[in-house]
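Protein chains in written order, with our numbering: chain A, 345 to 633; chain B, 2 to 245.
No lab work stands behind these hints, which were simulated from the structure alone.
A couple of the hints might just be wrong.
Quick list of simulated restraints, FRET-style, between CB atoms [to be verified]:
{"id": "1", "chain 1": "B", "residue 1": "Gly144", "chain 2": "A", "residue 2": "Leu493", "range": "41 to 51 Å"}
{"id": "2", "chain 1": "A", "residue 1": "Val426", "chain 2": "B", "residue 2": "Asn220", "range": "54 to 64 Å"}
{"id": "3", "chain 1": "A", "residue 1": "Leu430", "chain 2": "B", "residue 2": "Gly48", "range": "44 to 54 Å"}
{"id": "4", "chain 1": "B", "residue 1": "Gly144", "chain 2": "A", "residue 2": "Pro621", "range": "13 to 23 Å"}
{"id": "5", "chain 1": "A", "residue 1": "Leu403", "chain 2": "B", "residue 2": "Gly144", "range": "43 to 53 Å"}
Computed from a prediction, not measured in an experiment: that's the story for all the values here.
Beta carbons: idealized from backbone N, C-alpha and C, even for Gly.
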Amino acid sequence: MQDTLQTLVGGLSLGAVYALVAMGFSLVYRTMGLVNFAHADIAMIGAYTASTFYLTSELPFAVAMVVAIVITGAIGLVIERVLRPLENKDFDLMLIGTIGFGIVLQALAVIIWGTTGRAVPSPLHSAPLDVLGIRVRTYDLLVMAVAALAVVGLAFFLSRTKRGAAMQAVAMDHEAATAVGIDVGRSNALAFAIGAGLAALAGGLVGPMLYVDASLGGALGIKGFAAAMLGGFGSIHGAVVGGIAIGVLDSYAAGHFQGYSVLVTFLVFTAAIMIRPTGIFGERTVSRA
Amino acid sequence: MKVTGADTVQPLAVEGLSVHYGGVCAVSSIGFTVEPGQSVGIIGANGAGKTSTLKALMGLVPRSGGRIRLGDHDLTRVKARDMVRHGIGYVPEGRHVFPGLSVEKNLLLGAYSRAWDKETHRQLDEVYALFPVLKEMRERLAGALSGGQQQMLAIGRALMTRPRLLVLDEPSMGLSPKLVGNILDVLLKLREEGLSLLLVEQNAKLTFGVTSHCIVMENGEVAMSGTSAALSHDPRVREVYLGL
Numbered sequence: 345m346q347d348t349l350q351t352l353v354g355g356l357s358l359g360a361v362y363a364l365v366a367m368g369f370s371l372v373y374r375t376m377g378l379v380n381f382a383h384a385d386i387a388m389i390g391a392y393t394a395s396t397f398y399l400t401s402e403l404p405f406a407v408a409m410v411v412a413i414v415i416t417g418a419i420g421l422v423i424e425r426v427l428r429p430l431e432n433k434d435f436d437l438m439l440i441g442t443i444g445f446g447i448v449l450q451a452l453a454v455i456i457w458g459t460t461g462r463a464v465p466s467p468l469h470s471a472p473l474d475v476l477g478i479r480v481r482t483y484d485l486l487v488m489a490v491a492a493l494a495v496v497g498l499a500f501f502l503s504r505t506k507r508g509a510a511m512q513a514v515a516m517d518h519e520a521a522t523a524v525g526i527d528v529g530r531s532n533a534l535a536f537a538i539g540a541g542l543a544a545l546a547g548g549l550v551g552p553m554l555y556v557d558a559s560l561g562g563a564l565g566i567k568g569f570a571a572a573m574l575g576g577f578g579s580i581h582g583a584v585v586g587g588i589a590i591g592v593l594d595s596y597a598a599g600h601f602q603g604y605s606v607l608v609t610f611l612v613f614t615a616a617i618m619i620r621p622t623g624i625f626g627e628r629t630v631s632r633a
Numbered sequence: 002m003k004v005t006g007a008d009t010v011q012p013l014a015v016e017g018l019s020v021h022y023g024g025v026c027a028v029s030s031i032g033f034t035v036e037p038g039q040s041v042g043i044i045g046a047n048g049a050g051k052t053s054t055l056k057a058l059m060g061l062v063p064r065s066g067g068r069i070r071l072g073d074h075d076l077t078r079v080k081a082r083d084m085v086r087h088g089i090g091y092v093p094e095g096r097h098v099f100p101g102l103s104v105e106k107n108l109l110l111g112a113y114s115r116a117w118d119k120e121t122h123r124q125l126d127e128v129y130a131l132f133p134v135l136k137e138m139r140e141r142l143a144g145a146l147s148g149g150q151q152q153m154l155a156i157g158r159a160l161m162t163r164p165r166l167l168v169l170d171e172p173s174m175g176l177s178p179k180l181v182g183n184i185l186d187v188l189l190k191l192r193e194e195g196l197s198l199l200l201v202e203q204n205a206k207l208t209f210g211v212t213s214h215c216i217v218m219e220n221g222e223v224a225m226s227g228t229s230a231a232l233s234h235d236p237r238v239r240e241v242y243l244g245l
């Protein structure tokens, strides 16, 4: 029981990071119907940028994170702007374009930061807490709190603000959204920028938990993508549930199957998707008119 | 009480409007005018080019030719999303409400280009007065409404843009005769308030009941035009479009 709970707690913080990655995937997907394959590499750039400003420029961790979010948000805007002309012409090419941008970002990371990678020390130095015999690292709590804030913030933006409502309207019907005066291109750009910002948040937070190198995107992306699918691609709360599920599963598998942990995680994931192909909160949200 | 922005009105003039899809001509050099406060109808069979004409007017499909003027303003190069700022409200074919948003959000998005202030909420109340059923359903998701309610929502949303000209694409599609009657009542009421209407319909009877002038489209061209009264007595129109 104690062991199981310890595993669960261990999985929650990584799960929160996967949830952030999944939310970015889902936000762009529900708005544009596009899977942004550069998303994971944007998270990797976010991890590098945050750690660089934290370690080299010695900015406070929170400030380094904000800088990373702004920089990757701008990268998101650039990607959307470059690919925008393809949206109504050849959607497949747009998809391939995001893969291309992912490759470019990986190459850029190697050019800027080299191939060796880096370990990022935790910004919190306090000893782990002992809650009913379970060790909880304070940094894990921080990660969960920040992720929870991001979820609440995104939900508030989408459901309570005019621009958020417009973004959802664009996701549901391009033509009707245009007819009431919504700029579809601008709405898509904003979705891309927020998605990239979420990726940077995930990347920056995961820095002190995993090793940061140019292939971080692959590790983070595949789990975040699985989380988004498990929750139901396009659903924001699905992304949260999927992220936590993958995180806990991951942590459980790592404890019980050591070398085979990734295999076990994805076998369980595959079985779940076969039973429920639309994911937990699956719905069709995108209508391309 | 006035729902619309029909105070400073100007004529809409469409000249030589053409639409091609690939190499195929869907609309060939259509022209018509909607005078302030006037109601104009376009009737025709399926595939006659009615919807393409409206979409081209709104800028939602590329035009291969033609000019669109609203009074002194040349709207030919105005983007689709800016037509609403020139007072043209659009009710798309098949309603196209935002299914995952509440009825009230759908209506408020009609006022997207303005601040959501007191004035907007007053206007919202006016739309609710016109369609009481929408007020009852205000918290429901638009996708959960019946076809007739969705049509009212689509019209309400277009009214929230505060149009001077309301462009409607087949508002009677898929509705029961009783609901078509309701739509007719609403359109007549809007016309009385001085709103200009451009109505595209397969239902010629409804169209003749609302409009003063009509165009009959066939194969992307104007086959006939004239006053609705005259057309409704034309033997060919009576046979083909009214089934008499």
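**Item:** Index of numbered hints that the structure contradicts, given in increasing order
**Value:** 1, 2 and 3
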